[in-house]
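In order, the protein sequences belong to chains Z and G. Per numbering that gives the first Met the number 0, the very first residue in the first sequence carries number 0; after that it's consecutive. Per numbering that gives the first Met the number 0, the very first residue in the second sequence carries number 0; after that it's consecutive.
Just so you know, the hints here were simulated from the structure itself, not pulled from any lab data. Do not rely on the hints blindly, as some may be mistaken.
No copy is singled out in the list; a pair is fine if it fits within one copy or between any two copies.
In silico DSSO-like pairs for lysine-lysine, Cα to Cα no more than 30 Å straight-line [unchecked claim]:
no.: 1; residue 1: Lys104; residue 2: Lys2
no.: 2; residue 1: Lys136; residue 2: Lys104
no.: 3; residue 1: Lys62; residue 2: Lys136
no.: 4; residue 1: Lys104; residue 2: Lys15
no.: 5; residue 1: Lys17; residue 2: Lys2
There are 2 protein chains.
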Amino acid sequence: MDKQEAMTNGLQLIEKSKICLLGTNGEDGFPNIKAMLNMKHEGLHKIWLSTNTSSRRVQQLKKDNRACVYYVDEVNFKGLMLVGTIKILQDIESKKMLWFDGAEKYYPLGIEDPDYSVLCLTAIWGNYYHAGNVTFKIE
Amino acid sequence: MDKQEAMTNGLQLIEKSKICLLGTNGEDGFPNIKAMLNMKHEGLHKIWLSTNTSSRRVQQLKKDNRACVYYVDEVNFKGLMLVGTIKILQDIESKKMLWFDGAEKYYPLGIEDPDYSVLCLTAIWGNYYHAGNVTFKIE
Chain Z
0 MDKQEAMTNG LQLIEKSKIC LLGTNGEDGF PNIKAMLNMK HEGLHKIWLS TNTSSRRVQQ
60 LKKDNRACVY YVDEVNFKGL MLVGTIKILQ DIESKKMLWF DGAEKYYPLG IEDPDYSVLC
120 LTAIWGNYYH AGNVTFKIE
Chain G
0 MDKQEAMTNG LQLIEKSKIC LLGTNGEDGF PNIKAMLNMK HEGLHKIWLS TNTSSRRVQQ
60 LKKDNRACVY YVDEVNFKGL MLVGTIKILQ DIESKKMLWF DGAEKYYPLG IEDPDYSVLC
120 LTAIWGNYYH AGNVTFKIE
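This is chain Z alone, in the form it adopts within the complex:
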């Protein structure tokens, strides 16, 4: 599997995933993981997620925006890790872009709920695993 193939397969894995795992630098230097809904992506370069502004994850990202997002196919043993930095967005366009039916469950005040934030990962590099690892830079 060459790098181009790994990136193509990684993109397919994103497209079929219901969730992804967000990795952050937690308190006291310990890594943290949390499952998030797979929302939107632009190739492998940009990943958008939504979360509560009041969440532990947002507090961590305000202190340290280095993160990773991971997608997994546990049936076929495939995994994609994207590593980069996250911007916390609260502009109405980003919030509209990620809004979905049922989001009121998480953000009762709707799109303008101040407790609704959008996270945007800009990936620098990635690793695709399927019977072997391929690491690649993301331009």
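Once you've looked at the hints, dock chain G against the given chain Z.
Just chain G now, kept in the frame of chain Z:
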């Protein structure tokens, strides 16, 4: 959901999970995630995983043994994070304990394969999510 209930539900999530996600501190301070087979646990306190000694994850853990392990039920939106430190074990008893049919695929030389290592997480605290977060210390 009180802490005891969260810990009981977390334990059930471990018991039904095929895989877990290992979070480590990667190069340049970025968190990394990798899917691993769910192998063995002792309550919420000890988690054992197996991996290749030559893997990127083992190299990272040799430099910094702070880690987390995450279990997810993506259908019912449940998640368990266990945070602690990892010991890399290569004693024959630990390696026998985690050996399984088919492990030759990963460790062709068998139980004594030097490229076969056991990781043991001692969890300090955890967080269980299901329609809300409950954080608890692990004694």
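Results for each hint:
no.: 1; hint: Lys104 with Lys2; in the structure: between (40 Å within a copy, 23 Å between copies)
no.: 2; hint: Lys136 with Lys104; in the structure: between (37 Å within a copy, 29 Å between copies)
no.: 3; hint: Lys62 with Lys136; in the structure: both (25 Å within a copy, 23 Å between copies)
no.: 4; hint: Lys104 with Lys15; in the structure: both (24 Å within a copy, 27 Å between copies)
no.: 5; hint: Lys17 with Lys2; in the structure: both (24 Å within a copy, 28 Å between copies)
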